[in-house]
Structure formats: C-alpha cells, structure tokens
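One-letter residues, chain by chain:
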Amino acid sequence: MRSGGQSHAPAVGRWYRLDNAANVYPAIRSQKRPGLFRIAATLKEPVQPELLQQALDKTLKRIPSFSVRMRSGLFWHYFSHSDDRVCIQEDVVNPCMSLSSGKDNGFQIRVRHHDRRVALEVFHSVSDGSGALVFLKTLLAEYLTLTGISVPATHGVLDREAAPRPAEEADEFAAFAGRSTPRSRREQRAYHVSGTRLPHRYLTITTGTLPVDAVKVASQRYGVSVTEYLTAVYLCVLNDIQASEHRRRARPVKVEVPVNLRQFHPTETLRNFSSYVFVGIDPSHGDYTFEELLSSVHHFVRYEATDKQLRSRVATNIRTERNPIVRAMPLFIKNRVISLGYKLSGPALFTSVLTNLGVVHVPREMAEHVEMFDFNLGPSEATRVDCAALGYNGKLRINFTRVIQEPLVEHAFFTFLVRQGIPVKVESNTE
Amino acid sequence: MPYCVNCGVELSNTARRCPLCDTEVVLPAGLRSPAANGSLPQQRDVAVSAFDKRLWIQVVSIVMVIPALISVVLDAISGDGLTWSLYVAASLGAVWVWCVSPFLYRRNIVPLWIALDTAALLGLLYVVNGLPPSGGWFVPLALPISLGLGLLTLLVVGLARNRILRELHIVAATLMSISAFCMLVEAVVDLYLTGALRFQWSLLVLASCVPLALIAVVLQRRRPIVEGMKMWLRM
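Listed in order, the protein sequences are those of chains A and B. Following my numbering, the numbering of the first sequence begins with 1 at its first residue and continues without gaps. Following my numbering, the numbering of the second sequence begins with 1 at its first residue and continues without gaps.
Pulled out of the complex, with its shape left as it was, chain A reads as follows:
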C-alpha cells in the first residue's frame, strides 16, 4: 500500500491511500451491496471471548492496515489508522451486512465469535481473500498461543512478535501492470437470476461440503482444474435455469472468477491484489453439452488467466485512476462517476461470482485445533446469488450467498454434483 504517512513511523496518525481496486468499493457500497466478505474458522473447542479479544488486539498491532477507518478527502477516500480497540462481536445468522459507524466504530472489519466459530468480515477496500486469510490465520495462531498452544509462524501465519513490514502494505497493482497496454472493458450484458427478494435485507447462506478427492477425481476425468470444473458446473446450471425461463432472447451466461495475482507477481502484500476473468457462454449459439462447456471453460481460463492478459486488465484500471480528469474531480462527483461506471461495467456484465480461495494450509499445531474453514461473499442485489469455495482438511466447502427466496441455483448445482457421483452434505443458515 502506498502510505501517505512515513511508512516506518508509528502507526498512530498514519493514513493510507486506497489501492487501485479498493477505490471502487466506497463509491458503490450500499445496504444492497455492502462490499464485505467473510472467512470463518470452526475450532474444536468453544471460543473464549476474552482471549479472542486479546489476540485481536495483538494481531491488529502486527497488521495495522486492518485497523483503519474510512475517511473522505477532497479528491479520494483514504484510510486513517486508529489505535482504538476493534471489539469482537457475537456472531449473527445473517453476516456481511453493512458496516455501522456505531456498532463497528467506523472500522472496516468485524471479528465475530459464536460457540466454536471465529469469523472475520472484511470490507473489500481493506484486503482481498488471500490477505484476509493471512489475518485470520495470524489471529487464530495468537488466540491458540494465549490458550497455551504454541503455533509457529509458518504456512501464512505471520510472526506476531515482529514489526509490521512495509511490503505487507504495498499497492502492487501499478508495479504488476507495468507498461502493459490497457484493454477494452466492453462486454455483452449477462443474464441474471430472478427471484423473490428476501425481506429486510436478509440473506441465505447454503453450504455444501464435498470430499476434495472426489472433486479432484471428477475434474481429472475431464482433464481440467477443480476451479474450472466448478465453474463449468456453475455455468451449466445457470444456463439451464435461464433456459427454463423460456426467454425470447437468451442472454450470455457469465461467471466472474477472481484470480489471485500473487501467483504471477510474488509479493507480501496483504492488501487487494487480485483481478478477475469473465468465463461464459452465449446460449444463442446453440445448446452446450457439459463436455463442450468444460472444454470452453478450460481453454478460456487458460487464455485469459495469464500473466499478459491480467496485466492488461489491471492496466485498464490504472489508466482510469491516473486519468487527469478523474483525478481532478472532487470526491462527491467522482463517487457518482465511479458508481455509473460500475453500473455499466460491473455486475451487469456477469451473472454471478464464483471465487475459490484454494486449499487452506495451516501449521500442524493449528490444524489439530481447527475443524474447518468457511468462505462466503456478502449479499449482492445485482447478482442475487454468489458462490465462494475453499478446501481444508480434505473437504471442499462451497457457500452460496443469496438474497432471493428460491434456492434454484444451489439446488441445481449440488444435485448436479450428486449426479456426477460426488457426495454432498448441505447445511443452511435457515435451519
């Protein structure tokens, strides 16, 4: 992260520029689109709230870029660091609702607990899934240490006794884009799942637990990766749902798949450092078999999720951020311009999000006390249903977040996997 204060100065009084991806979220956030995501860990013993609070206090000292409040400048939003305590909260059945200036004290993260679960909810301007996972692992390591279990600083757990490193706060987007030529954002508008809105900004989370090995066997049978396989299944069921609506003109079905840029540009940053690819099909070209879909997804991802293509995509956003007209706009105008831009080139262009955080690795000492991890996205009124997955301890947990009553997508998705011979266990926050 580019720091506005001196990067080696004490954290108090420091302010940070938002990274390139983070600039969008404050302009577009609303109760309908809070911009939060959540990573949770279920321990094997009930959580002790006092120790969790102590662990959080220490973790925030180690990772100060999570202990920030959002401020509005004349031209851009920025983060101001605060040493005020981020208080842990009791978990709720409907997570990822809008941050509140009162209950959350202006901070851009929440740490929640219930029974054996510790959950971290993060506003996307602060970090992405990978950065948040490092924070949660470090928090759990400190918590377990306070309960008398020593956890080493390996497998993405930071050394809690070390000082924060400037590299952990770096905005790497510009360095990654380099001199790459920006690409067009032009895309066809995509199909969106319809349904009856849940009342009172409620959201339903449906979780499917699958054996990682079974999914790997199924994906290897077709010669694709797990993410490509899940994306193809998702596209297939979304396409079927659109077909069942008997629209006169079928729209393209596209899934936004976030890509972690750390695999192309090694960095220690805990800030946002991810891009995305739109993987999709156009049903107006004809009916797709599942094998055709898999082949299409496989080749598209192999072409799009490459260093060059992603640099070009990031360069487009960098060019927009550096545009002199955009820079000269006062924030209140810029917010509206960003909001309009997002309307035209945001969720209108994709049907849903499918994000796979990959397999979570933790130190052996921690693994003995953590039963499972979960990852889910916040509600989005535009896409209505989104999907997030991660693997841990031989199990793949797939979480669907939806703001409509009908569980059409999850039903089609999980029953498709069952028909493929993959056993699925389903739970929901409505039980």
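Simulated from the structure, these hints should not be mistaken for lab results. Wrong hints could be hidden among the right ones.
[What the hints assert, rightly or not] Cβ-Cβ distance ranges computed for the label pairs, FRET-style:
#, chain 1, residue 1, chain 2, residue 2, range
1, B, A207, A, T430, 58 to 64 angstroms
2, A, P211, B, N6, 46 to 52 angstroms
3, A, R221, B, V5, 26 to 32 angstroms
4, B, L214, A, R302, 48 to 54 angstroms
5, A, A153, B, N6, 47 to 53 angstroms
6, B, P144, A, F332, 42 to 48 angstroms
7, B, P111, A, F332, 30 to 36 angstroms
8, B, R17, A, R221, 31 to 37 angstroms
9, B, G8, A, Q54, 43 to 49 angstroms
10, B, P111, A, R249, 37 to 43 angstroms
11, B, Q42, A, P211, 35 to 41 angstroms
Beta carbons are placed, not taken as given, at the ideal position from N, Cα and C, and that holds for glycine.
Guided by the hints, dock chain B onto chain A, whose structure is given.
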C-alpha cells in the same frame, strides 16, 4: 445421517427440511440432535441506515425556525400587527413537516406521513386563505383538491406497500391516479368558477395515461422485461 430423498444430498442431524427442495426430513425418534443447533447463531444483524434521522430533523428545524422567528419579530415591530410574516411562518412550517415527517418515527409509517403532509398543505392554504385579500376559496377549492391528492397518494402507496400492486402495476395505478386527480381538479375548479361541470383538458390527460397504464399492465405479464427493468433501476 439423514439424506434428502428428493435431492440425494446428505443433511445435518438438525435439519427438519431440505434447504434445497424443502422436502421434509423424516428421522426415527432419537436420531435428531437438537443440541447441535447451538452452532448456529440466534442473533440477527439489522440493516443500519447511514442517514442520521435525528441530525436531519435538528438541521431542518434550525433552518426553518430561525427565519420564521426573525420574520415574525420584524413584522411585529413594524406596528401593523402580524401580516406578511404569517405567510413566511406558515410556509416554513409546511416545509418543515414535509421534510421531517418521514423521519419522525423509527418505523416508516407511510400513511401517517402522507396524512401529516396533507394536513400541512391544508394548514398552509388555510392561513393563506385567511389573510387579506381573502377569497373564501379554501372550502370549495383547496380542501377537496388537497384531500383528493392525499387520498389518491395514500391509496396507491397503501396498495403498493401491502403488495397488492407490484412493479409495473404500481406504474399503471400511478398513471390512473394522475388522471383521476386531474379530473378532480377540473371538476372542482369548474364548479367554483362557473357552477357547471365540463371536462376538457383533463380528458387529454386521461387519454394519455390510460394507454400507458394498459401498456404497463401488459408488460407486467412478461417477467424477463420486468426483471430487466428492475435490474437496470436497482443497480
């Protein structure tokens, strides 16, 4: 471990219905484990509004009360009693009600604030009618028009909030209410001025609104169009 007989997915021991297809889960007595439900939080987060209602009411009150007081004081010390300042005070009072009424209660009681807004409008018109040169037009003109406006608004909003009208049906009802209001205005004005009822311009409004309302009713049957419009308007 229970399975859904319809979907084939495994379910938790606490599940009474399948989360995917709502099929009832039948388990032999003793196999269900209610204690496991403790892993699910019972609290629910409420959506918080970034809009500070109390601050808004305070700011509007200050902005309205100070000029009203200054007007009344200036008018009073000018020697002829309260005359023009009543216009200012009544206008600011009505604007205050219109600005503040939606935020007076924690719950958004729409019928109440429509009633308050109508009352504020009537109050303003009553004051204006009572001041020289007075016309005696309040009862024959202002009262039926204001009440008609309030009742039509209340009708459409009430039907929409109770989900009797949805989406494009609301648009159709709004268009029909506009035509009904125009006809009411023309009828009341005609009766006041000439004593006879002759609909003219309001029929033009009716002729414009009825086809549009019918189009809205027809379009409402096409779900993809409705969903597309909602998507565009919501984002």
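Outcome of the hint check:
1. Restraint check, A207 (chain B) to T430 (chain A): a C-beta distance of roughly 50 angstroms breaks the suggested window 58 to 64 angstroms.
2. Between P211 (chain A) and N6 (chain B) the CB atoms are about 22 angstroms apart, so this pair departs from the stated range of 46 to 52 angstroms.
3. Look at R221 (chain A) against V5 (chain B): about 28 angstroms separates their beta carbons, and that is inside 26 to 32 angstroms.
4. Separated by about 53 angstroms at the C-beta atoms, L214 (chain B) and R302 (chain A) satisfy the suggested range of 48 to 54 angstroms.
5. The hinted range of 47 to 53 angstroms is satisfied by A153 (chain A) and N6 (chain B), whose Cβ atoms lie roughly 48 angstroms apart.
6. At about 43 angstroms, the CB distance of P144 (chain B) to F332 (chain A) agrees with the hint of 42 to 48 angstroms.
7. Between P111 (chain B) and F332 (chain A) the Cβ separation comes to about 34 angstroms, which falls inside the hinted range of 30 to 36 angstroms.
8. Restraint check, R17 (chain B) to R221 (chain A): a C-beta distance of roughly 33 angstroms satisfies the suggested window 31 to 37 angstroms.
9. Against the hinted window of 43 to 49 angstroms, the Cβ-Cβ separation of G8 (chain B) and Q54 (chain A) comes to about 46 angstroms, which satisfies the hint.
10. Between P111 (chain B) and R249 (chain A) the C-beta distance comes to about 41 angstroms, which sits within the given range of 37 to 43 angstroms.
11. Hint check: Q42 (chain B) to P211 (chain A), Cβ distance near 31 angstroms, so the stated range 35 to 41 angstroms is violated.
Checked against the numbered hints given earlier, this structure breaks hints 1, 2, 11; the rest are met.
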